[in-house]
Amino acid sequence: MVPLALIVIITVVDVVTPESIHLRPLLVVAPALTASFAGSRWTAAIGALALVSGVAEGLEQHNLNNPEQWLEMLAILAVSAFVVVFCALRERHERVLHRVRSVSEITQRVLLRPLPREAGPLRIASMYLAAAAEARIGGDLYGATRTADGTRLLIGDVRGKGLASISEAAAVLCAFREASHHPMDLCKLALRLDAGVCQDVVEYAETEPYAEESFVTACVVDLPDAEPKAEVISCGHPPPLILRGDQVLTLQPDQVAPPLGLGLLTAGEPQPATFSFEPGDVLLLYTDGVIEARDRTGAFFDLPARLSLRAGEDVDTLVERLRRDLFDHVGGRLDDDTAVIAIARAPVPARE
Numbered sequence: 003m004v005p006l007a008l009i010v011i012i013t014v015v016d017v018v019t020p021e022s023i024h025l026r027p028l029l030v031v032a033p034a035l036t037a038s039f040a041g042s043r044w045t046a047a048i049g050a051l052a053l054v055s056g057v058a059e060g061l062e063q064h065n066l067n068n069p070e071q072w073l074e075m076l077a078i079l080a081v082s083a084f085v086v087v088f089c090a091l092r093e094r095h096e097r098v099l100h101r102v103r104s105v106s107e108i109t110q111r112v113l114l115r116p117l118p119r120e121a122g123p124l125r126i127a128s129m130y131l132a133a134a135a136e137a138r139i140g141g142d143l144y145g146a147t148r149t150a151d152g153t154r155l156l157i158g159d160v161r162g163k164g165l166a167s168i169s170e171a172a173a174v175l176c177a178f179r180e181a182s183h184h185p186m187d188l189c190k191l192a193l194r195l196d197a198g199v200c201q202d203v204v205e206y207a208e209t210e211p212y213a214e215e216s217f218v219t220a221c222v223v224d225l226p227d228a229e230p231k232a233e234v235i236s237c238g239h240p241p242p243l244i245l246r247g248d249q250v251l252t253l254q255p256d257q258v259a260p261p262l263g264l265g266l267l268t269a270g271e272p273q274p275a276t277f278s279f280e281p282g283d284v285l286l287l288y289t290d291g292v293i294e295a296r297d298r299t300g301a302f303f304d305l306p307a308r309l310s311l312r313a314g315e316d317v318d319t320l321v322e323r324l325r326r327d328l329f330d331h332v333g334g335r336l337d338d339d340t341a342v343i344a345i346a347r348a349p350v351p352a353r354e
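Residue numbers in the sequence shown follow this note's numbering, run continuously in steps of one, and reach 354 at the last position.
These are calculated hints, taken from the structure and not from any lab test.
On a predicted model such as this, the values are computed, not experimentally measured, just so you know.
DMTMM-like mimics (lysine to aspartate or glutamate), calculated; alpha carbons at most 25 Å apart, straight line:
| # | residue 1 | residue 2 |
| --- | --- | --- |
| 1 | K231 | D316 |
| 2 | K190 | D224 |
| 3 | K231 | D256 |
| 4 | K231 | D151 |
| 5 | K231 | D283 |
| 6 | K231 | D248 |
| 7 | K231 | E315 |
Please model the complete structure; the sequences and the hints are all you need to start from.
Structure below.
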C-alpha cells in the first residue's frame with residue numbers, strides 16, 4: 003500500500019503544480035521501496051504501474067512530445083529494471099542461504115540431540131542458547147543416556163575456536179553415547195571421554211591453529227532409579243546445584259579432575275562424589291555462560307539467588323523463567339553460549 007500511495011501522491015501533486023515543477027522522476031521511489039520488502043514480481047508490478055502512471059500523466063498534460071519527458075520515462079524504466087534484476091538476485095541468494103541453514107540446523111540437531119522429557123523417575127527440562135547469530139549449537143554440549151539402573155547426564159563446555167571446538171564437542175558426545183552401551187563406572191567414563199578429546203586434538207593440530215589450546219570442562223552425573231542419590235564427577239566444570247524447598251545447595255566434589263583433552267587424567271582418578279538427591283528436589287546442571295553473564299554494570303548473574311525464587315515450580319517452568327531472567331539481566335544479548343539442564347526426581351508413590 004505504501005508504494006501505491008506514493009505513486010498516487012506524486013502523480014496528483016505533479017498534476018496540480020505548475021508545469022515548471024517536474025515531480026515525475028520521483029516515481030522511481032515506489033519500485034525502489036518495494037524491492038526492500040517484496041519479491042521481484044511485486045517490484046516489477048510496481049515499476050510497471052509507476053511507468054503507466056507517468057505516461058498517463060504525460061497524456062493528461064499533453065507533453066509527451068517533449069524529449070525531456072521521454073528521458074524521464076526512460077529513467078523510470080531503467081531504474082525499475084535494475085531494481086527488479088537485483089531483487090531477483092537477492093531472492094536467489096536467499097534461497098541458497100535457506101537451504102544452507104536447513105542443512106546446518108539438521109546437522110546441529112544430530113550433534114546435539116534433544117534431551118528426553120522423562121527418564122525413569124526423572125523429569126528433565128533443558129535450555130541451550132548459542133551466542134553466535136543463526137546458530138543452534140556452539141561450544142557448550144549436553145547429553146543423557148539410560149543405563150541398566152538409572153540415568154546418566156553430561157554437560158560440558160568446549161574452550162576453543164573454529165572447527166576444532168565443534169569437533170571436540172562431537173568427540174565428547176559420541177564417546178558419551180558409545181559408552182552408554184557398555185557397563186562402566188563414572189571414573190572409566192571420564193577416562194574414555196578424555197582419551198576421545200585428546201585424540202581429536204591430535205588429529206586437528208596440523209590443520210587448526212587453535213586445536214592445541216582447546217580443552218573441555220565437563221560434569222557427569224549418575225542418578226540411580228532406586229536410590230535417592232547423585233554421583234558426580236567434575237572435570238573443571240562449575241558444580242551442580244540442588245533446589246531443596248527454597249534452599250539452594252552446591253554439590254561441590256572434594257576432588258575436581260582436570261578438564262578433558264589435557265591428557266592429565268590417570269587411572270584411578272577422578273573418584274565420584276555422592277550427594278543426596280531426594281524426591282521433590284531439583285538438580286540443576288549449567289555451563290559458565292550462565293554464571294558469567296554480566297549486566298551493563300558488570301554484575302554477574304546470581305544463579306543461586308534466582309533459583310531460590312523458583313521453589314515449587316516444575317522443571318519446564320523453572321527453565322523458562324531462568325531463561326527470561328538471564329535475558330533480562332544481560333539486556334537481551336548473550337556473549338557466551340549457555341546450557342542448562344533441570345532434573346526433578348518424582349516423589350515415590352505411596353504404598354497401599
